[in-house]
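> Sequence:
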Amino acid sequence: MRVFLIKGLAKHMKTMTAVQACTLADELTTLVSAYIRRVHQGGRVAVSPLERLPSFPKETWNELTIGVPWEAYCHAHGVYGGKFVTTSSTQALCSAPAQLDVILAEQAMNSGLWGGSLLVALGKILEGVEKDLVVFSPYWRAGGVQSLMAAAGRQSYAGVTVTVFSQPKVWMKADDENGLALFIEILKAAGALVQVLAPRAKDGLTPILHAKLIIADGEMAYVGSANFTKSGLDHGLEAGVLVEGEIANAFSGWSKAIAATCEPW
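Number 117 in this note's numbering belongs to position 117 of the sequence shown; there are no gaps in the numbering.
What the hints contain is simulated information worked out from the structure, not anything from laboratory work.
Treat the hints loosely; a few may be bogus.
[To be verified] Think about it this way: if two alpha-carbon atoms lie no more than 20 Å apart in a straight line, the pair counts; the simulated SDA-like pairs of lysine to any residue are:
1. Lys-188 / Gln-91
2. Lys-188 / Ala-257
3. Lys-212 / Ala-260
4. Lys-131 / Ala-257
5. Lys-14 / Glu-27
6. Lys-7 / Leu-50
7. Lys-58 / Tyr-35
Use the sequences and the hints to build the structure in full.
Encoded structure:
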């Protein structure tokens, strides 16, 4: 997830002069440091418009991400010469309710786990997808969908093909059906081409879809425990893995094979 933040902030900094980007990196580092100190020791920190910077929102600030601004600057204007240096292709991605943020941030610093909101992390995946988005989820709620799409902060999905795998409609509770319908409606209104598939019965048996998986462009994927519900994305103790490269591509290939065994929702 840290890679997402560095890439996003570096992209923003490339639109600035080197001096402006350097100033931004310094200001952000100071803000994150003050925020961490406030979390641990109490006290007040002056509100800054930079807290709402889409590429590095306050929800992602902790000990593990304090170095992100200067790393982004190096990728945009500094020692990396505009070339992005990738890190590990697999990262544990865990989250907890807001009241446990401090504990999780400390644990993240020691373990390398993502120490921020799962909602922000998944929002970043949707924000970055360019051509092909695949989503597996058996359970949906309107509140969870609204929170996720808001976290993505994206107005247009034009040119993006979205394939959703979920339960057969006849198995769904009304709240799940309404949540998925809202997800479809939002994406279509934003220009995406959306298809929804459900497992097809074979020999009298319909497979139960229970996977929670998001794949972006066959290059990045999240697999984990969270459903597209408010509790799953924002209030629960959830664990998953963010993968890039070959593993994400393998998930993408698997999804295409599964699609051949499904029917329209």
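> Determine for every hint whether it applies to the structure shown.
Checked hints:
At most 20 Å may separate the alpha-carbon atoms for a hinted pair to count; Lys-188 and Gln-91 exceed this at roughly 31 Å. For the proposed pair Lys-188 and Ala-257, the alpha carbon gap of about 25 Å is over 20 Å, so the pair is violated. Restraint check for Lys-212 and Ala-260: satisfied, since their Cα atoms lie roughly 19 Å apart, inside the 20 Å limit. At most 20 Å may separate the alpha-carbon atoms for a hinted pair to count; Lys-131 and Ala-257 meet this at roughly 19 Å.
With a C-alpha separation of about 17 Å, the suggested pair Lys-14 and Glu-27 falls inside the 20 Å cut-off, and the hint holds. Using a Cα cut-off of 20 Å, the hinted pair Lys-7 and Leu-50 holds, with the two alpha carbons roughly 17 Å apart. Between Lys-58 and Tyr-35 the alpha-carbon distance is near 9 Å, which keeps this suggested pair within the 20 Å criterion.
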